[in-house]
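Enquirer: Chain by chain, the residues:
2 protein chains.
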Amino acid sequence: MTKMTITEARHALMALQRKMAAYDHAVGLIYFDGCTYAPKNTAENRATTMAILSEEIYRQNTSEETVELLEFLDAHKDELSSDEQRMVYLLLKDIRDMKKIPPDEYIAYQELLIMSDDVWHKAKEESDFELFRPYLEQIFDTHKKFARYIEPDKDPYDHWLNVYEEGLDMKTCDAFFDKLRSGIVPLLKRIKEKPQLDDSIRHGYFSPEKQEELAYLLMNRIGLDLGHVGLATTEHPFTTNFGSHLDERITTHYYEDDFACSMFSVIHEGGHALYDTGSARELAFTALDCGVSMGIHESQSRFYENIIGRSKAFCGMIFPELERILPEQMAGYTADDLYRGINKVEPSLIRTEADELTYSLHIMIRYELEKRVMHDELKVEDLPAEWNRLYKEYLGIDVPDDRSGVLQDCHWGNGSIGYFPSYALGNAYGAQFLEKMKETVDVDACVAAGDFGPVNEWNREHIWQHGCRFKPAELLDRVYGGPFDPQYYIDYLTKKYSDLYGL
Amino acid sequence: MTKMTITEARHALMALQRKMAAYDHAVGLIYFDGCTYAPKNTAENRATTMAILSEEIYRQNTSEETVELLEFLDAHKDELSSDEQRMVYLLLKDIRDMKKIPPDEYIAYQELLIMSDDVWHKAKEESDFELFRPYLEQIFDTHKKFARYIEPDKDPYDHWLNVYEEGLDMKTCDAFFDKLRSGIVPLLKRIKEKPQLDDSIRHGYFSPEKQEELAYLLMNRIGLDLGHVGLATTEHPFTTNFGSHLDERITTHYYEDDFACSMFSVIHEGGHALYDTGSARELAFTALDCGVSMGIHESQSRFYENIIGRSKAFCGMIFPELERILPEQMAGYTADDLYRGINKVEPSLIRTEADELTYSLHIMIRYELEKRVMHDELKVEDLPAEWNRLYKEYLGIDVPDDRSGVLQDCHWGNGSIGYFPSYALGNAYGAQFLEKMKETVDVDACVAAGDFGPVNEWNREHIWQHGCRFKPAELLDRVYGGPFDPQYYIDYLTKKYSDLYGL
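Chain order of the listed sequences is U and S. Count the first sequence with the working numbering and you get residues 56 to 558, in order. Count the second sequence with the working numbering and you get residues 56 to 558, in order.
No wet-lab data here; the hints were simulated from the structure. Honestly, I wouldn't trust all of these hints.
The list treats identical chains as one, so a pair stands whether inside a single copy or across any two.
Said to hold, decoys possible - In silico DSS-like cross-links for lysine-lysine, where the CA-CA straight-line distance does not exceed 30 Å:
(1) 177 / 74
(2) 155 / 209
(3) 74 / 367
(4) 367 / 132
(5) 244 / 177
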């Protein structure tokens, strides 16, 4: 190794990242297959493969050769480009973290995740939390244990918050959620005193075929390149990519009694996919490909879903298409009915179907529950009851069963503890980005014209192309020229809902 | 290594095979994804991953550690079970062959295959052989080169025939095809003198949704376990599995103007899947999983497709289901119309849609062309013209374009040179198995009752459970108690078509 030149080491760095990307492609696709097309009793077969590939990945990524290469590059970082420096930093951090976890525990955990995802699907289907409980207990236990291995001096939940959002901790979250709560709760109260909006336009019968036609139309309209972005259906919509941003997949779920669920899932996941596929070509197959953090990622998905997709301009633009695809169902309605129908504020059971205003309350519940389980202040077996209690407290509603309660989200089953706050953060980042974008782009006019070019170009230039070159705070500072401030989001919500409800 | 005990080595053998299976799972799924659900411009991304994973597979399978383990076991084969002996034999053979190919050429070839498959799809779509030609030239050249590396003293085409069917060579093929030709050609001549059968029942409009409903019904009916066998659509139907026989996938293609194409694809691929999934559980994740050879595999697929699926008993059993699924299209027809409609003998352009009698002629054309290209007696650029000339000579028909000619099959594009003869061999093996099966199973009665239990049990006991424990000739001898004899197949065809056409 010591005989390696910097040029050779830089080539080796790129080769290493291509290899990591190849393994990511393999395991990502095996996971995706399990969620989409795989026959239902094949999870065990996938778990066998995943255990072996995870062991390979672990072995290779923590090998002496890999570590030596990265340490060598780190010692010569002045001779590297800024992108290379960031690659080395991120890879070394990951590897140092990984090396702190005993290999057999790491592998057993990967195997557990495959099985737990499968069990979560079954448990949700049968609304049977007990089926899922032992897996979820292991997942939380593993998160506590791994956090102790990696950052023994840090609070374990802070560790995981930082994994999904570099720089995030409970202190920031608590302050952010407090501010959000103080903005949302009074607004909600005022809305409740007003006559409710009519959302009957959403309801009726909408065949999966028609919804699929709409999904592709939306993907095209918001500017996705369908040569590189695929669509599939899953229980819970998500976005992923295989090896690089050159092969991106989004998923949706068609509810036959409400077309708006899939419509906004597609726009949301489409936002993630726009971000990923907007990465600079030279970032493909490197650690800098595909987005800064979950929070910034959600800023894009929720920007397209809500700020754009639930705007008056978007409704005006898309309504004629809805009339064409769903003529009977749209008969007698107008673009304005659509706008009001998809923005009706109503405390509800399911996070992914929540309106923009109450959405953050769903996140706060999950945040509070995760925090307490991670701190041993709440047992996994008591999660369903606490979930239901908090839904009553925050949203005023009764949870009829665990399927629409604690089992609704896929995140815990696939091992994403500490992820949820990113959604709420994303909302707030997005509102802050919008302020800046409006200085040079007439967003409403573009959307009304169905021309996403200028909006996408702005995002590409300021956010997408950079992949994860910058930390979230750094990116925000570059884009906005200031720190994160949730007030923009509260102002945005206040203005939007005051208009809608005539407050 | 020398310090390893036999017990340790036997464990290491199983671990090695599980690892190979895991990589097979990954690359198999990436290929499958490319044929099914991947966005259309993602082949390059897959090729990048495949090149890297192929290199990993090559490196690991040919590593000193692997070779030493297998040589050690080979030197102690008396202490192994017969299954373990066969595993060691097959693995060592593969690895010795692989080690004769320079690594960079092996990897470049894997990469080429991903691209060529993609280009073949485009070329077929546009009926543009020139697009595909450079890839096909490279594929044939690589086959010649690799055969020389592996068995320099053997004819290169014999080498590849033996790869797909252990023990097969041109001498056997020539004799087999001569015998088949002398049986089929006079039969065809006599049929042409008779009034043609009416196949109007096949034609009309059949929506993909209805065809999919039928596909699942057929999969269930022939006894596939849908918990372990999935269905997808592709340009060219095929069967594959991921890591083991515990996750099997079949594909079909829905032609909206002829439901019988997909119907018989599903039964054909279903036969492959029955065979694979019928492997003994303990063979999963080993080199003995999933079938002896391509010929024996085709004996099962074509047994279900033709001997069973195109029988009078099957038509009688399935017709009421067709009436239920396709009431308008089936109105006025009977089970007997179905039987005659799907057995109409008519020289045609497309192999996969050919009737049972002319099918082998399609194979003979491909065999002759492959043989000549492999022997430098024919250039790839001249393949389309020769293809068309032979279709005129053998089948008496004009090929209107390369899409329905030389570009119709996926095999060459995915690097399967020497595969085609297995289809014809499979037909003949199947007829020979049938003779034996009839000694203890009333096949027609079972099929008529829609009860595939006894038929499947016979195949499971005699063929499926053994995976590739035995060579083709050995299996045939165990099942039939005698050598391969194509006369059974000729007798079967003669009887069937004499009845159908009143010869």
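Enquirer: Tell me, please, which holds for residue 155 and residue 209 at an alpha-carbon limit of 30 Å: within, between, both or neither?
Expert: Within one copy only: 15 Å inside a chain, 54 Å across chains, cut-off 30 Å.
Enquirer: Is the C-alpha distance from residue 74 to residue 367 at most 30 Å within one copy, between copies, in both cases, or in neither?
Expert: neither (46 Å within a copy, 55 Å between copies)
Enquirer: Treating 30 Å as the Cα threshold, decide for residue 244 and residue 177: within, between, both or neither.
Expert: For residue 244 and residue 177, neither the intra-copy (38 Å) nor the inter-copy (59 Å) Cα distance is at most 30 Å.
Enquirer: Should residue 367 paired with residue 132 be assigned to within, between, both, or neither, using CA atoms and 30 Å as the limit?
Expert: neither (50 Å within a copy, 76 Å between copies)
Enquirer: If the cut is 30 Å between Cα atoms, do residue 177 and residue 74 qualify within a copy, between copies, both or neither?
Expert: Intra 34 Å, inter 29 Å, cutoff 30 Å: inter-copy only.
When the structure is compared with the earlier hints, violations turn up for hints 3, 4 and 5 and for no others.
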